[in-house]
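For reference, the chains in residue letters:
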Amino acid sequence: MSEANGSEVEDAGRVMERVRERDGAAFELLYDAYHRLVYGIALRILSDVPTAEDVTQAVFLKLWSTPQSFVSGNFAAWIARVTRNRALDVVRSRNVRQQSEVPETMPADDALEDRAFSMLDAEFVRSALARLPEEQRRPIELGFFGALTHEEIARKMDIPLGTIKTRIRTGLRKLRAQLDGVVTA
Amino acid sequence: MSTHDELLDSIAVYALGSLPRGEAATVRAHLRTCPQCREEYDALRPAVDALALSAEACTDGRSGPVPSQLLKARIMRTVQQESRPQAVAQSRVRPSWPAMIVAAAAIVLAVVTTANNLIMRSDLAQTREQLAQVQTQNAGINRRLAAQRIMIADVMDTSAKRFPVTGGQVIRRNDHLYIAMDGMPLPPKGHIYQAWTEHVGAQKMAPSITFMPDRSGVALVSLPVNASTVAAIAVSVEPDGGSKAPTTKPEFVVKLT
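Protein sequences, first through last, are from chains A and B. The end of the first sequence is residue 185 by our numbering, with every number in the run present. The end of the second sequence is residue 257 by our numbering, with every number in the run present.
The shape of chain B in the complex, shown without the other chains:
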């Protein structure tokens, strides 16, 4: 293979975003001077961008996870606090001469202060972004704590429905579903555990979350699904990144109905 053919392979890896920074700088510089490689890059970029679409969450949760309804409420609370108020209709009054002089003075003043305003607006945007980041971090911490409290309460609840599986159990309480494993072996290198959910009335398993046990073999996983819609749960070993359909025999399959 010629050096330039090898470079074309590197262009593809660069477009994917998988070149280390040093090599990426070399490729970026080459792209500026080589029309053939630039053409290859431009041809591959739409394919790379389209990959993101494959991860779009589904609308009903039957074939993939959906974001929490509470998430929108949290975001919109912040947005509504900062939204501009409704515009007030202005009355049309014929201005008098003194009023026009005052208005002219106001325009001059506005012109003088515009430059300052532009600078202040830039500072304000930065401050807003910093504030949003702090709010996001705080909300994230609070949400994680709340989620952990709910998870502990669910798992400890003696009235929770428990489904024993090899090396652990599947726990259902209200609309929540958990996989609680103890002594789960680490999967082979390059692999990960993946949960699968079979929804009521569905013909096949849908991919759910991937997870790894800790070094002591403990894993406690909250499944992002409404438990009342699920008929069965399975867990299998899959290649890193997960699979669209099970590629290995499941570690366990448990029916919840």
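With the rest of the complex left out, here is chain A:
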């Protein structure tokens, strides 16, 4: 299992309690465990090293200045969402176009997405994605990392809007099915 999903920090929630008490060593533990995840997401979305480093720095300094913003749940899932939103804000500030909406966290009763995050690693997800047909993988990646709306994805791929929506749903369901073996094991 990779560091990014928290194996190096057994209980990130407890470490965050120390961060709230201004414990610099605790903060460093979290940085060492999660900086590759944060930087990787930022770089994938922004395709620009200096700006990805800016976003990484902003995410961690915000974590330090307002640690109470993390309440509970899986820390890796939370910081991944924070990073993606921050990077997408930068993308949107560059482009004047229709903006998509990233849903606010609406955790399920059993917080399944948090469990998924804690039991997966990057290589597993990459190979799961690679197993999707290109016609399903590409619109999903354009939507998640490219901050494109489904209409923009349809235009970019020159494919009818309804087809794009169906491909996104089919692809996500296949991805979910691949995760099932790990998450519900």
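No wet-lab data here; the hints were simulated from the structure. As the structure is a computational prediction, the values presented were derived from the model and not from experiment. A portion of the hints provided could be inaccurate.
Unchecked claim - Listed next, the in silico DSS-like pairs over lysine-lysine satisfying Cα-Cα at most 30 Å (straight line):
1) B:K244 <-> A:K156
2) B:K244 <-> A:K174
3) B:K72 <-> A:K156
4) B:K249 <-> A:K62
5) B:K249 <-> A:K156
6) B:K204 <-> A:K174
For chain A, the structure is supplied; the task is to place chain B on it using the hints.
For chain B alone, coordinates are given in the frame of chain A:
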């Protein structure tokens, strides 16, 4: 396809974060009242969240970019300035009656001031966040200027090793690698250029940064990799967002050894 089936497709797009704000509001309202769609949404969210993991940077830079070591130093400098000092061990002394009266008064005073402290703590957190944002912006500007100075010095250095390619050159100076193109055509709509690096001893190319030339066809790209570990560089046209392996014939491949 029924209206509800179409809505289920929209639920997937909403979970991905690709619905425009207007449609997203409609879906969000529907989710509150439709158990079937809510179930679909809850089923797809873990898949969407897991997508973020696929972008995790690698530990050694051989199959992907790694963050700069200087980044941690910059962040930790700010953190260490604000860390609490080591706790001082308190001596255990049996309190006298006057001391206990003073202590009781202090407790009353503490209770009275707690409410004020809570308000001030909230203000302090806001101020800290604003300060962190300003520090981040300043550090970002300084870092970009420094990076540009290094890049210009590297590219202009007559002792830098240059590898000519069609329409430009690959430049290596010390541990830095650059792709400098002039007259590079814009890729087809929906596509982007992607660099690939073959590390010394590796069997295949690893994906590197994506880029676009400007309208005049000029592109100067700093590759996020230690040049001493790279045996060859290639550039190909890829779909927007980049690829995990080249999907088109490379525009060029240049060996650096």
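Practice prompt. Any hints from earlier that this structure breaks? Give me their numbers in increasing order, please.
Written response: Of the numbered hints, 3, 4 do not hold.
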